[in-house]
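K.L.:
Between the sequences and the hints, there should be enough to build the whole structure, so can you do that?
Number of protein chains: 2
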Amino acid sequence: MKKRLLIVLSVMLITGEISLAQPVQQPTIEDFKPSTKNQPGQEYPMVNSQGYARFRIIAPEARSVVVSLGPGGTRGGTPLSKADDGSWMGTTAGPLEEGFHYYHLTVDGGIFNDPGTLNFYGSTRWESGIEIPAHDQDFYALKDVPHGKVQQILFPSTSTNTSRRAFVYTPPSYEKDKKKRYPVLYLQHGWGEDETAWSNQGHANLIMDNMIAEGKIKPFIIVMTYGMTNDVKMGGMKNFKIEPFQTVLIDELIPYIDANFRTLADQPHRAMAGLSMGGMETKTITLARPDVFSHYGLLSGGTYAPKDIKDKSKVKLIFLSCGSFENATGVKNATTALKESGINAISYISENTRHEFQTWRRSLYELAQLLFVK
Amino acid sequence: MKKRLLIVLSVMLITGEISLAQPVQQPTIEDFKPSTKNQPGQEYPMVNSQGYARFRIIAPEARSVVVSLGPGGTRGGTPLSKADDGSWMGTTAGPLEEGFHYYHLTVDGGIFNDPGTLNFYGSTRWESGIEIPAHDQDFYALKDVPHGKVQQILFPSTSTNTSRRAFVYTPPSYEKDKKKRYPVLYLQHGWGEDETAWSNQGHANLIMDNMIAEGKIKPFIIVMTYGMTNDVKMGGMKNFKIEPFQTVLIDELIPYIDANFRTLADQPHRAMAGLSMGGMETKTITLARPDVFSHYGLLSGGTYAPKDIKDKSKVKLIFLSCGSFENATGVKNATTALKESGINAISYISENTRHEFQTWRRSLYELAQLLFVK
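Going down the list, the protein sequences come from chains A and B.
The working numbering numbers the first residue of the first sequence as 1 and each following residue consecutively.
The working numbering numbers the first residue of the second sequence as 1 and each following residue consecutively.
Incorrect hints may appear among the rest.
Any copy will do: because identical chains look the same in the list, a pair fits if it lies in one copy or spans two.
Within a straight-line C-alpha distance of at most 20 angstroms, the following computed SDA-like cross-link-like pairs (lysine to any residue) qualify [claimed, not checked]: (1) K316 to E61; (2) K307 to K339; (3) K218 to L287; (4) K149 to F261; (5) K143 to R164; (6) K33 to D308.
Worth flagging that the hints you see were computed from the coordinates, not collected in a lab.
P.N.:
The structure is reproduced here in structure tokens:
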């Protein structure tokens, strides 16, 4: 019986059904540095070259302090302990994945942000953020290259009876040749995030600046606005309706952008993409209005089936992506099916990342090279 | 002896040396509403029509929760108490002054932000903010008028060997008539704040949009960048040196702005103003470089003496302001002295405000009407 179990386990190991990789505990290397997402002058949280994160919180009279972040995407959390100096300290039990993570503290049962870090809008609130240096972080680094602008605009919206905010990225060349017109990508955030996410967490502007400087892409404009128009803040997605956002986007924002920026204001030069819920919005709106967009991108945001596409001649590109720890097979299979039906479909799988911003930074990097090239 | 004391007290009362006003306690009116600076969907903190603030914090196991904010500018704080539902609640002991206030929580000895509110960069950290509705809040309200843009730019800075961030407000007309050029106001934040303050806390863009829509001012550009260039973050002002910031502003930012925006790029069409430490910077730099700026504004940021001004013909305007709870007499006397020396000096005192953003919002409103009019 014992021998049989060993054989079964051995077969599972060989076929990859189980893995022994995780229990090999490496000693923690003491080369911790402040996270690049810290507030100015703040030492903690720190990260080391292995991807471990170390936290330090001042709360002398607290009974317990727990960080919501733990290794392996489990989000089991990291309880902090009282240190000699009376502060609360702790290090994650293992390395975190590369890139950006949202987190918060639970102090005596109450949820607070880490005073050491900058805040980022996610989960319908401003949360703490930490950055685990990625091996490929160069593509979104702030470099000495010409920089485009990220502009906050307030556009009139009669359907919601207010002035709504959007951010518009214009490439460095936009201010130079005043006659040149540009294609536009409408780029949506995920559930619980807002129009600040793609710049703050995603570094979309730096990704564009760097790729333009390297001659990897032709410059285009990116427009980012709030996609949870009918306020599904707390109740999850069950009350979500696409119509209010579709009206804001198609009838109000796009005409405003075309009137106030030097755009190529036609379907062949207009793309829509979004991450997670923003992908779902992208799918719904691009299918409802094939006359408006020609390039579609779903970033960890589902897939299209060939039968979804009524008029294939109108679709120049379908880009599907996700992290390798998400449903990579689904994305690949959907892409194959689209290709076989004659659609220009391309998939991208981000290695060793989940439903997080590192997946979407990399996806934007890949998508940008495919947009408006034909 | 007793009679003599009474007479002395009576004389002091009549001459205004002491006041009996404060002990008259009004009953709290139960018309509390969420502060306009709350995070989306958050009910607390709330404010009522009298200016009282009410806080509610979830921290079931905490021993004490104190809000740093109290009435009368004393900042004595407001301790919260355990409510029936296990949350911590409390109301300020009196009304807070009109406008925006920074604050934070002390939870079991640790400093955290209120999860209910948005964060604003002040005191060298992102702090909680609350808005007490002001009787004159209309001038910085978001209205259905044409809106200018607030653009984030990253400009090259060889002196600090990095790309530095600035925000640029361009008026609504900027995108319409592509030949028109505009004067520029360089507008600085205070100690511990950064280049986000004038938009986030100050609503500088909305103040401008509203005044332009009403025809109260001629449109101009505003440029806001980080003024604590040599990183005096934690050590207070004692290590502050103006030279690094002056180099960034004069030799790097201004040439970049003049090259990338349609400015009137000469001294008569360039103003500098700042609040608090930004006023000190404004004074030092305008006096050192009278060839660069013609209009000077110190907002709760000190005064100029007539002897400071070497060449009066180069100064088109000196604007000095503060809150009535600050050194209003000093500001008025300095203005009188400047006027008597033949300088176009104008003072403004914001009624019933202190060293806070309501003073500076109102000051910008007044200053904007005086800039570039001659």
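K.L.:
All hints, please: hold or fail.
P.N.:
Okay, the hints, checked on the actual structure:
Taking the shortest Cα distances, K316 and E61 never come within 20 angstroms of each other, neither inside one copy (60 angstroms) nor across copies (57 angstroms). With identical chains, the CA atoms of K307 and K339 are at most 20 angstroms apart within one copy only, with a shortest distance of 12 angstroms there and 78 angstroms across copies. For a Cα distance limit of 20 angstroms, the shortest separation of K218 from L287 qualifies neither inside one copy, at 26 angstroms, nor across copies, at 46 angstroms. Taking the shortest Cα distances, K149 and F261 sit within 20 angstroms of each other both inside one copy (13 angstroms) and across copies (12 angstroms).
In this assembly of identical chains, the alpha carbons of K143 and R164 lie at most 20 angstroms apart only when taken from different copies (11 angstroms versus 32 angstroms within one copy). For the homomeric pair K33 and D308, neither the shortest alpha-carbon distance inside one copy (49 angstroms) nor that between copies (47 angstroms) is at most 20 angstroms.
The earlier numbered hints that this structure contradicts are 1, 3, 6.
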